[in-house]
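Peer 1: One-letter residues, chain by chain:
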Amino acid sequence: MTPPTVNNRAEVALLEAFGNFRMEWTEISVDKYFAEPSYFHSLKTTRPCVIVGGRGTGKTTALQALKSRPTDTGRGVASDRIAVYLKIGPHIPNNFSGPERSESEWAKIFLNHIHVLLCRLVLDALAKQVQKPQLASEAGDFLLQTLEGVRPEKPVSSFSELYTKIQLLSTNIEEILNNTNNSPINTVDEWDRPLKLLCDAVIRPNNYKGVIFLIDEYENLLCYQQRAINTLIKFSSKYITYKIGIKELGWKTRGTFIAGENLRTPADYSLINIDQEQKADFRRFASQVVQRRLRLVDGIEKRDMQIALPGLKAIEEAERLATKVPSPLRMASDELKEHLTSPQLKKHFTWADELDAYVIKSLAEARGVPLAHLIRELSLVAPQRAKQRARNYRNVGLYQLGAKRTDIKKYYCGWHTLCLLSGGNIRFLMELTQEILIRHLRITSSLQEGVSQELQTAAVTAVAERNLYELEGMTVYGRRLIRLVQALGTLFSACARDGFRHTPELNQFTIKDHENSNKDTSSGVDELLREAVMHLALVRMPTTKRGDTSQLMSEDYALHPIYSPFFRIPFQRKRKIALRGEELLGMSKSPDVVLREVLNKHRLRGLFADDESSFQIKLDF
Amino acid sequence: MRVYVASEEHFAPIVKGDPSLLLYCSGDESRTLPEYDFDLPTTVRTAAVIAQSDNVFSLEGDVVAKNLLVANPDAIYAAVAGFRQIALDITGIPTPIWARFVQLFRAYITILYTAPKGYTKSKIDDDDFHDDLTETVYGLASLPGFKRSLLLEDKKRVLIPLLGFEGARFALIAKQYEEYAEDVVPIVGVPGYRLHYPFLTYLANKRVLLSTRSWERVKFAAAFDPFETKALIEKIITAGRFESAVVAPIGTKPQALGAVLAAIDQPETVELVYDFPVRKHGRTKGRRMTWVYPINSAGQTSA
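Order-wise, the sequence lines are chains B and H. With the working numbering, letter number 511 in the first sequence gets 1240, and the count goes up by one each step, no holes. With the working numbering, letter number 160 in the second sequence gets 413, and the count goes up by one each step, no holes.
If you're looking for bench data, these hints aren't it; they were derived computationally from the structure. Some hints could be false.
Unchecked claim - Calculated pairs, DSSO-like style, for lysine-lysine (alpha carbon to alpha carbon, straight line, at most 27 Å):
no. : chain 1 : residue 1 : chain 2 : residue 2
1   : B       : 1138      : B       : 1248
2   : B       : 1318      : H       : 428
3   : B       : 894       : H       : 409
4   : H       : 428       : B       : 976
5   : B       : 1318      : H       : 376
6   : H       : 408       : B       : 861
7   : B       : 857       : H       : 409
8   : B       : 1318      : H       : 459
9   : B       : 981       : B       : 1248
10  : H       : 376       : H       : 488
11  : H       : 409       : B       : 796
12  : B       : 976       : B       : 773
13  : B       : 1138      : B       : 1305
14  : H       : 408       : B       : 796
15  : H       : 374       : B       : 1318
16  : H       : 408       : B       : 1318
17  : B       : 796       : H       : 428
18  : B       : 1248      : H       : 488
19  : B       : 938       : B       : 796
20  : H       : 533       : B       : 894
21  : H       : 488       : H       : 459
22  : H       : 409       : B       : 981
23  : B       : 857       : H       : 428
24  : B       : 1318      : H       : 538
Can you build the whole structure from these sequences, using the hints too?
Peer 2: So this is what it looks like as structure tokens:
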């Protein structure tokens, strides 16, 4: 979908305030837009930290906020340490691999490269932070000797000379990458000796106590490369700290190059899991972030996001969806009242509103029993229990009411709902908010009024679709992930529409019989699930201890809630369906064939109408 | 430099009697066989490139060499020593291998390429040919011989994808580089091998062209002309005052050749990024004309 074109000044201001919801796009934005998340105090310590979270959860923002800047606002870890940021780029890790060398040879080259790279970053940062950076010449010589493997011909006499020589070392490494005939690869006897020498050569002479390396997108590294940096982390001196940003399931190994020595938490590093940290606090944090940005647009200090983005109660939504004349809600309510013939029955059903009446009536029809029969059944349990049983199907009632409409079939609106749709992901939340407000501005030219629920629903649906197709570029598995999401979305959408005939609100799945699958299927499913979770196609609800990735197939999964409006499915965790590993793999490769088989299989439970036109599989991948 | 339609004269030895070497790689596509409309002179020796992977290959025929590493130039030089003229038919040779040959033998190599008559397409409701042309992609890396160790974020950089019929490949590259490149300037092959091919290119890539808004900046170079492509890449860099360009050769092979030549001439500025696709069998049909690209330094047209 094309991003909205800009029509007026308010839109320009809004796009500028919200358009940078990808923090990577502008470094200046950090000072302007940064709102401290709840876990930030844990990140600011001088201990090594690993921060785990999906894309858009704020890892990069948090790491960027720690970086040393010329106009340092003192937000960083400690002003006596220089903090430098490194993002692991998309193709660089693969450049350090190939059949021409063994893994141990590649490891030596890579480690050399990392040392040179980290030195360069520190020298860059010092050149910007310090007016006339100083050099301890002897340490500088030792540093060059350690990196190059040979003593420099003449001593290095200045900071700029050291910087130039270290830049040249990058060129040398590229020569090695492109030519197997080159000279032997330099190795160091102590893992972090170059970095210790760096501290002696340029960090302490410039009145810094130590250095912090902020390494982002750690998941892009190959396994042996992670092992190399794990080794640096494990054996680093107290003046060198690492803060690592990594996606969920992005750890390929916690091993190091020392046999038997792995990275362990909390002994070697603190672990910050953004999902868990922000779970309770996300709405407050999100409100803070959004309001900060909106203030830049219209200057309003504080606004109530629930008034700005109003939601709908279930009964209100039902009334909007049930526009047929006569109203099916009114008819069901009247019919229910007719059956409540005694004062005791009336009292038993005082909790039931028009939507509840509609649900009870639909349940009776789906089961093929008279309404009176179901009412009698419900009257035999306590009112609270009867209410709970009926309300289990409340959303199903909404899906059914909307099913035959041509415009909005289900509402997705309200600040609370937006927070849930974003799944704790601040980037998604910002994207949803921006899309809603841009569309709103085009109609009203003002952000003061509340946004209509219809407009909110249209906007979040557009964002859902956009993010679905963005999966294509996230990973080499992109197209397969799109097919998988489309297939699962279609499956759960069909379940939502016909929920009265089976378990209500099926929107999760689990893999069954995985212990009996053959090795190829198992590893294929494992890989698919890992990629899907890492790139936010799916979310997982671990039944095992988090971090134990060997049990991926035994966990429960759901589509990321951001896609819910596109498929019109529930976005809160409800009930699950069992799928076989082969079915999941099939959905990612030939979704139209496999999905039809899965739908037909569940039809045995009276899930779907005989007429296949009651659901359409529209899979354009 | 000019593009020629291949003929016998392109194989006439520069020095009479001097043998020359024609390397090719035959696969399941008929156009990969060195079956031209003319007879090769008797001074031309031939050897088939057997690609074991994108990094390892062997030569069989008039020259025999086993398990040559793309990363080992000395071994490649030794394998073809004795030939002062080399013709490389890149039609069937994997891009990482022929790109390395071009880099190593630029001074005395001539390139040939035979376009297909058509491409396989099985899904009528999908504009993207990706599922028919490619099994999978391995992932992003520099081409062997062109590897870089750093992607410095503070350079003013442009992403230049050479577009083909596979929007999925453009999607991966555009997404992975969106924060490294200030701008995306795609190149579409116009004219294409056939009149309607540029339209297919737009359709196959429309989603990403829209999402990156790069449809507004598309530039055109002939799909079969590497020299025009090279010149266009250089012009994009200069006109935009970019300090660096990431070029993704995911379109036609002649355009990829142009990208390789640009990277050879400006190694500090032009970085090649590739996704290492595994090609599907039967992806193309038939053969069209064979073009000759005299890329050797003297612009000589003989192989």
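Peer 1: Name the hints, by number, that the structure is in violation of.
Peer 2: 1, 10, 16, 18, 20, 22 and 23
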